[in-house]
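Take these sequences, add in the hints, and give me the full structure.
Protein sequences appear in the order of chains A and B.
Heads up: the first sequence is residues 1 to 158, going by this note's numbering.
Heads up: the second sequence is residues 1 to 481, going by this note's numbering.
Heads up, simulated SDA-like pairs for lysine to any residue below, C-alpha to C-alpha not over 20 Å straight-line:
#, chain 1, residue 1, chain 2, residue 2
1, B, Lys226, B, Leu107
2, B, Lys39, A, Leu23
3, A, Lys128, B, Arg417
4, A, Lys94, B, Lys132
5, A, Lys72, A, Pro108
6, B, Lys263, A, Glu142
7, B, Lys317, B, Trp160
Worth flagging that the hints you see were computed from the coordinates, not collected in a lab.
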Amino acid sequence: MGTYKSGHKKERNFLKMGKYKFLEDVAIADSAFEAEGESLEELFEACAQATFEVMAETKTVEAKKKEEIEVKSEDLEGLLFNWLAELIYLKDLKATLFSKYEIKIEKPDGYKLQASVWGEPIDAEKHKVKIDVKAVTYHLLEVKKTDNKWTAKVILDT
Amino acid sequence: MQMEKIQEGVWEIPKTEKEGMRVPARIFASEKLMQIMDKGVFEQITNVACLPGIQKHALCMPDGHWGYGFPIGGVAAFSTEDGMISPGGIGFDINCGVRLIRTDLTLEEVKPKMELLMNTLFKLVPAGVGSKGFVKLNSNTFREIMIKGVDWCIENGYGWQEDRERIEESGHMQGANPSKASQKAISRGMDQLGTLGSGNHYLEIQVGLTDQIYDPEIAKVYGVSKPNQIFIMVHCGSRGFGHQIATDYLQIFLDAMRKYGIKILDKELACAPFNSSEGQDYFSAMVCAANSAFANRQVITHRIREGFAEVFKKDAKDMGMHIIYDVAHNIAKIEKHNIDGEEKKVIVHRKGATRSFPPNDPAVPEIYRKVGQPVIVGGSMETGSYLLAGTQKAREMTFGSTCHGSGRVMSRMEAKRKVRGTELRQRMTDRGMVVRAVSMSGLAEEAGLAYKNIDEVVNTVDALGISKKVLQLRPLGSIKG
Numbered sequence: 001m002g003t004y005k006s007g008h009k010k011e012r013n014f015l016k017m018g019k020y021k022f023l024e025d026v027a028i029a030d031s032a033f034e035a036e037g038e039s040l041e042e043l044f045e046a047c048a049q050a051t052f053e054v055m056a057e058t059k060t061v062e063a064k065k066k067e068e069i070e071v072k073s074e075d076l077e078g079l080l081f082n083w084l085a086e087l088i089y090l091k092d093l094k095a096t097l098f099s100k101y102e103i104k105i106e107k108p109d110g111y112k113l114q115a116s117v118w119g120e121p122i123d124a125e126k127h128k129v130k131i132d133v134k135a136v137t138y139h140l141l142e143v144k145k146t147d148n149k150w151t152a153k154v155i156l157d158t
Numbered sequence: 001m002q003m004e005k006i007q008e009g010v011w012e013i014p015k016t017e018k019e020g021m022r023v024p025a026r027i028f029a030s031e032k033l034m035q036i037m038d039k040g041v042f043e044q045i046t047n048v049a050c051l052p053g054i055q056k057h058a059l060c061m062p063d064g065h066w067g068y069g070f071p072i073g074g075v076a077a078f079s080t081e082d083g084m085i086s087p088g089g090i091g092f093d094i095n096c097g098v099r100l101i102r103t104d105l106t107l108e109e110v111k112p113k114m115e116l117l118m119n120t121l122f123k124l125v126p127a128g129v130g131s132k133g134f135v136k137l138n139s140n141t142f143r144e145i146m147i148k149g150v151d152w153c154i155e156n157g158y159g160w161q162e163d164r165e166r167i168e169e170s171g172h173m174q175g176a177n178p179s180k181a182s183q184k185a186i187s188r189g190m191d192q193l194g195t196l197g198s199g200n201h202y203l204e205i206q207v208g209l210t211d212q213i214y215d216p217e218i219a220k221v222y223g224v225s226k227p228n229q230i231f232i233m234v235h236c237g238s239r240g241f242g243h244q245i246a247t248d249y250l251q252i253f254l255d256a257m258r259k260y261g262i263k264i265l266d267k268e269l270a271c272a273p274f275n276s277s278e279g280q281d282y283f284s285a286m287v288c289a290a291n292s293a294f295a296n297r298q299v300i301t302h303r304i305r306e307g308f309a310e311v312f313k314k315d316a317k318d319m320g321m322h323i324i325y326d327v328a329h330n331i332a333k334i335e336k337h338n339i340d341g342e343e344k345k346v347i348v349h350r351k352g353a354t355r356s357f358p359p360n361d362p363a364v365p366e367i368y369r370k371v372g373q374p375v376i377v378g379g380s381m382e383t384g385s386y387l388l389a390g391t392q393k394a395r396e397m398t399f400g401s402t403c404h405g406s407g408r409v410m411s412r413m414e415a416k417r418k419v420r421g422t423e424l425r426q427r428m429t430d431r432g433m434v435v436r437a438v439s440m441s442g443l444a445e446e447a448g449l450a451y452k453n454i455d456e457v458v459n460t461v462d463a464l465g466i467s468k469k470v471l472q473l474r475p476l477g478s479i480k481g
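Structure representation (structure tokens):
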């Protein structure tokens, strides 16, 4: 699987921004990826997209149902961990896959992320489900700013 | 890297290898397995050796591979007085484990009905992303399961009285405290009882290889009674409930480490003193998840018995569908082990490693006490699995532990690149296997080529004497999430 580029057409809202790439030679039983974005919001969106792409073909997931998310952390790694952990939690709780995200990240006192996320109840056939993500791990987790873009590396327990 | 072969199959990395190592690390592997051991194992097992309170050695079993925090195959014992407990030494899938069920049926009887049998079981045991179980629970009944585990299932008609004695910890570990599991964990896992999950989890119909009964006497005690006998193996864990508990406590422990001034080399090794309030809270919550996993495999067993009864038009009892045993291979346990000549209470972490207790051990059920604890080693769906027996040598060398499977050698991405799910299913079908998979790409990721040679792994633990070969099993049918 190669790098996923941003989509342009309106109906392809599932890939509005950001991009990611799965990694082959890291923590072999798990699913590792690198993601990037021009802003932190784009980066966090790309990480969410990658997480759900591990579980299903996200292009088949329609943005039908909305959920609100708010997570906080003192640092960016913690914020990314909490964001993905919250999405994984909602995936089980609501039996829903997500495909569209509107994210706002602020730094009043530590970091705060607020997001509206859209998705659809899991339909194994329609969404061509793959493997479940059990959790996000802290192993090699990083969020970095290089030149004018943000990058992250994440390993998911699958 | 400094590493010394201290005996056939045992490699030691001295404390001088890495700053902060408190004990040497030991890797158990044949020459062949050592050559393919991935670099993550060396890095991670020496990180584990740095954790406060670790006893004797940080160990990695022959099926070891790169994980997060601990390597998969990692075993470490910590002092209960001044040692640590680490969720990363147990895994997110708390009490992921394997259960083996015997039958009186033979290959000849089952073969003609395999398609029907697999379709029936595929319906009865939900698998894959987003699946829900048939047992409807509320948070109160779920809390009961956290404490009672398999006993709750038996009381509610999902098991036989005899089942409990054929499960590690009798299917319920002591020390559960449901108030230490978050509301989030409860709501996430409540609907998932009786589901298989996905990834490397499976339900398999297997046949015992008549010419591969290595120890007929032990085999007989375990319930291996005839040529071409049919067995059922279930590999799964505590589902979303356990995953959420591990996620919650990883965060709590990162804060606790600051409080207790503990330094670690990988955030996934976040830990807290076992005796601290955080350490005790996590242990109580982990036990809740462990008991829910025993209950999960129990409810699945109930459905399997129902499925067989439906297909073979016979009561499950009349088909001799007894559980042989159920092992937890992602767990921490309070056990007594001999440390430098002294019997000491330790908290043993096994992450992708199986307990392997010897004959006459009080923790081994009475029915098996003379021959030792059954050890179930689940292999890849293409190569088969093993039934082993626990030994005294394991007590002496590995804190009573052995391997848990064959161990991955290839990432999921690489496996998918090398083989397509549909091709793999065809190959297995051509070999006479029946495969039912929710996901074709998920199936490809579990291809035999992604794993080490299980014969090599099992021969290594057998030669080391940390468990004893009893029976080899070959898959006939596989259900994957």
